[in-house]
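Novice: Fit chain B to the known structure of chain A by using the hints.
The listed protein sequences derive, respectively, from chains A and B. Heads up: the first sequence runs through residues 1 to 167, numbered per the numbering used here. Heads up: the second sequence runs through residues 1001 to 1757, numbered per the numbering used here.
Watch out, some of these pointers could steer you wrong.
[Unchecked claim] In silico contact screen, one side only, chain B against chain A (beta carbon under 8 Å); selected entries: (1) Leu1715; (2) Glu1717; (3) Arg1735; (4) Leu1738.
[As the list claims (entries may be wrong)] One side of the interface only, derived from the structure: several residues of chain A facing chain B at Cβ under 8 Å: (5) Asp44; (6) Arg62; (7) Gly63; (8) Val113.
Hints were generated in silico from the structure; no laboratory data involved. Even glycine gets a Cβ: it sits at the ideal position worked out from N, Cα and C.
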Amino acid sequence: MTEVNETTTSTTRTLAGKYLTFVLGRESYGIQVLKIREIIRFTDITAVPQMPHHVKGVINLRGKIIPVIDLRAKFGLNSTETTERTCIVVVQVALASGVTSQTGLIVDAVEEVTNIAAGDIEETPDFGGAFDTECLLGMAKIKGVVKTLLDIDRVVAAETASALMHV
Amino acid sequence: MDSGLGTQLMACQDAPDYAALCSIIEKLALELVLAEPGKDNGLLPVNSLLGDLEEVARRMEVPEALGAAIRKGREWVDALFGAGNFEESTLSRLRSWVEWMQAAVSALHNGQAITPLIAEAAESSTATAPSAAPQAVEEVAPEEPIVLNLENDGELLREFTNESHEHLQNIELGVLTLEENPTDMATLNSIFRAFHTFKGGSGFLNLRPINRLAHELESLLDLARQQKLAIDSQVINLILSGGDTLKRFVSEMEAQLGGQGGGSPISISINDLLARVRAVVQQSQSRLTPAPVVAPTLVATPVSHAPEAGGTQEAPGGTAGHQDATPGSSGTAGAPECPPAAANAAAAGGSESPSKNGNVRVHSGATSVKVDTLKLDSLVDLVGEMVIAQSMVMQDTDLLGIQSQQLSRNLAQLGRITKELQRVAMSLRMVPIRSTFQKMTRLVRDLSVKAGKHVELHLSGEETELDRTIVEEISDPLVHMIRNAVDHGIEPAEKRMAAGKSPHGLVHLRAFHQGGNIVVEVEDDGGGLNRDRIVAKAVEKGLITSAANMSDSDVFNLIFAPGFSTAEKVTDISGRGVGMDVVRRNIEKLRGKVEIQSTLGKGSRFTIFLPLTLAIIDGMIVGIGTQRYIVPTLAVRESFRPTADMVSSVQGRSEVVNVRGRLLPLLRLHSLFGINARAADPTEGIVIVVESDRESRCVLVDDLLGKQEVVIKSLGETFKRSPALAGAAILGDGRVGLILDVDALVGQRTAPLSMAA
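Chain A on its own, in the form it takes in the complex (with noise of 0.2 Å):
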């Protein structure tokens, strides 16, 4: 039992740290912040064809074009029309190549940056094989409400897999 403990608080300790925490429909999300290059205003996306449906399409960010993921499609969610809280959160990912490569994700709205510590995170549990956990990092209760903490280098580099999986 205190083995099991043990490795919770090592695995968490390292999880500990700031976080952006944004919504999608009614669940609650982290990404750490050091991951996160900017947010912008939802714009224009240039759709891109052939790819699939939660590929919205690339952005011109000052003269980069990066890709643009809905994070609600990705994640199964019902889409819904943008308002004007949609917002681009801007990532920058390693991806399995080894290069770093910049990502925009659209989310309903953005909350707060906020410090996570080690004892409010908790290891993901298992969901029983109902859906695939690879890209969490863990769970955290905040002031009540969980927030799922998003391992944002394996969301994306899925994606590059999987649009090349499509292809």
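Specialist: Positioned in the frame of chain A, the structure of chain B alone reads:
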């Protein structure tokens, strides 16, 4: 080591002074090596540099040993002024003095003790053998690996490797010029300077093997400069292999700087090469002064000379210093090893005589600045952004409403400047193809020796400018094609003579502008492609069933198929069946194409067509639904709105358009891309005829929106394998437009068709 650390700290604090010291000594060394006995050229600069040296030394409060040496140097230079000219003996004395200074300063920097300058030894040794350069004899030190101090010297090492490339290239190009014209002093000097800089830099960074090698080669070249050594193929080969060895060091160092296997020792054997160089140096000296007295002097020199040599060589030794053999034993060990090595070198040198060719290009030192390519790319990106911002200002509806002459004048001025800026920024990416071409000279030289054929390479159009990326990327395909030309194209001399051709094979490498393209041609006067053999091979490989109605060019194109090779035997050089498919892939990656012309028995010509730049294409912007796409204008033949009788459907699935009697398949882009088109009926939309690889397709779009030059951007990893897109570009309004890959669009339809056939 504690006291050493202290000195090092001190040296670090005095970094600017230290750098000044190094640079003065460097300059002094250069002046001295360029100085010639019996002339006063360089005497004044040496004097003033010595003055600078004295001043810096006073300011730095250098150790006594160094101060004493500087005073000694002053004494000698003053004596020189009395004589009016450099003299052989004082010159070599000063040269060994400056070498000692270099060693002493780097020892000072590394916090090691300075071995005192033994002026008397230097004087006596130069007195006994005035004609022998003091560096001619040196101990054969055991091979030492280089261990890089990445943490402290990282920046310096990086600078060293960066600069090395240029010097290595100078060496290589220079040697090839020398081969044509062995008496070209300007080239000889430039090679000499390159090795000299290597020596200086490596001594400073304590890279002993590089330092030793550069030093020996420098001595060799110095003899040639003084016309005591004739440049023959043996010397040329020595310089080339010296350059190659240095290149290996540099690339190993770069690998470590790049984070691969950091800290592990780099050991590349140099002793063999050193022995060969020394043998040549000694040979030339004994040949020059054939008097019987000299021979014993040469053997004796190491002994009398040893303390001085030990002093200069061990001082920078650093960690490896203790491995050095003692001066006495090294002197005797070095001497007997040389004669057999000399024989080897002479045998290896071959009997190749340098061909006479008068048109030697003197490399003019164009004024240029080295800039990090990342900075350059970001400048180009920013200028692209600015062009977009400018066009957004121009199209701003609020501004357009203002009736002001002043405003419209200013806007026009802004437009002109932006355009000019864009033009200049784009031209920054353009470099002459010369460097790539000249690499091929070396390649042909090596290949022809290996294949035992005499092949000449003729270059033309080296000044043709191409996009930097293309110049880099075209190198590999060219290497493949030239290898093929030399190895398979050019026949052996006997066969050529039998066919009534000159025994010397000829390969032409040309670059020129043609239309909107750059053309690079590789032409050889060899045997040409054998149609029957290609067909037989293709049938054997199952690529075709028969070549009954294939044109020659179709047959020749078969050699681009993967794994296709007609060479009867695999040689060291080529014939492994990889090559031509890689050539075509690489060229297509550059958005270019390659064509073959060949006549059996006469030779073949490979023509590569390349775009001027990779960064910009002329694009036609088309609309489909709410989306806009860019079609490269180069691929567009024509566009029109079809009438109902031009379009007919085939089995209710495919459609063809009758374009002036040619039936071309119709590709509905909207259904391929899953977009709701405004013009589902072809008669309401526009049909664009696109062409790729001489195959045409009709592409249906909603409307044409205009023509624009666009800066191509990569779509990135996520869309890497997107089948129909070649990239993206930012359009005038700041939004992204996707560039269609016409080759893929055409291919998408040909694949199922040919399978059905």
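Novice: Could you run down the list of hints and mark each one as holding or not?
Specialist: Hints versus structure:
no. : hint    : in the structure
1   : Leu1715 : 7 Å, holds
2   : Glu1717 : 5 Å, holds
3   : Arg1735 : 6 Å, holds
4   : Leu1738 : 6 Å, holds
5   : Asp44   : 6 Å, holds
6   : Arg62   : 7 Å, holds
7   : Gly63   : 4 Å, holds
8   : Val113  : 27 Å, violated
Hint violations for this structure: number 8 only, all remaining hints satisfied.
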